[in-house]
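Colleague: Modelling step: build the complete structure from the supplied sequences, incorporating the hints.
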Amino acid sequence: MLVSGKSVEGEAMCPHRLVLEHVTSRWGVLVLIELLERPYRFSELRRAIGAYAGRSVSEKMLTQTLQTLERDGLVHRDAKPVIPPRVDYSLTGLGREAAEQVRALAQWTHDRMAQVEKARHAYDESRRADHEAREIQSRAS
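Residues in the sequence shown are numbered consecutively from 2, following my numbering.
One thing to keep in mind: the hints can contain errors.
[Stated by the list, open to error] Label pairs and their calculated CB-CB ranges:
1. Ala134 with Arg78: 55 to 65 Å
2. Arg121 with Gly51: 26 to 36 Å
3. Asp131 with Pro40: 49 to 59 Å
4. Ala52 with His77: 15 to 25 Å
5. Ala141 with Ala52: 11 to 21 Å
6. Leu95 with Arg129: 45 to 55 Å
Hints listed in this document are in silico derivations from the structure and should not be mistaken for laboratory results. The model shown is predicted, which means the values in this text are computed figures rather than measured ones. The C-beta atom is built at its ideal place from N, Cα and C for all residues, glycine as well.
Modeller: Take a look at the structure:
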């Protein structure tokens with residue numbers, strides 16, 4: 002069975018890693034965080050994620066993400082038999098637990114971004130200095 006491009010055989014190799022990939026994927030993180038607020042209809046969720054991410058998620062990608070998270074037991078899909086069709090998405094108890102963890106990590110990233118940028122700058126400067134020293138040394142040889 003294929004869900005989000007992953008095969009069931011892949012799950013047998015490392016099921017924990019696969020769930021972690023689903024929860025921390027580009028759109029999985031945003032879906033989980035948005036659904037913490039309230040249940041959403043598909044189009045509402047798509048707009049909310051687009052506003053949060055600064056770019057829109059395609060219908061296909063959102064559908065795949067929701068199906069994958071539903072299969073993992075994190076998202077509940079409630080299809081109401083009305084015309085026009087109405088489908089609401091919400092978090093399960095398991096999904097709420099995962100979403101809280103993801104939101105905490107996202108908040109930590111936000112809170113520590115200045116430190117990360119400082120570390121990146123120091124690393125880049127160190128690499129640049131090492132590269133320049135090697136260039137000078139190779140020219141001298």
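Colleague: Hint by hint, where does the structure go against what was stated? Just the numbers, ascending.
Modeller: 5
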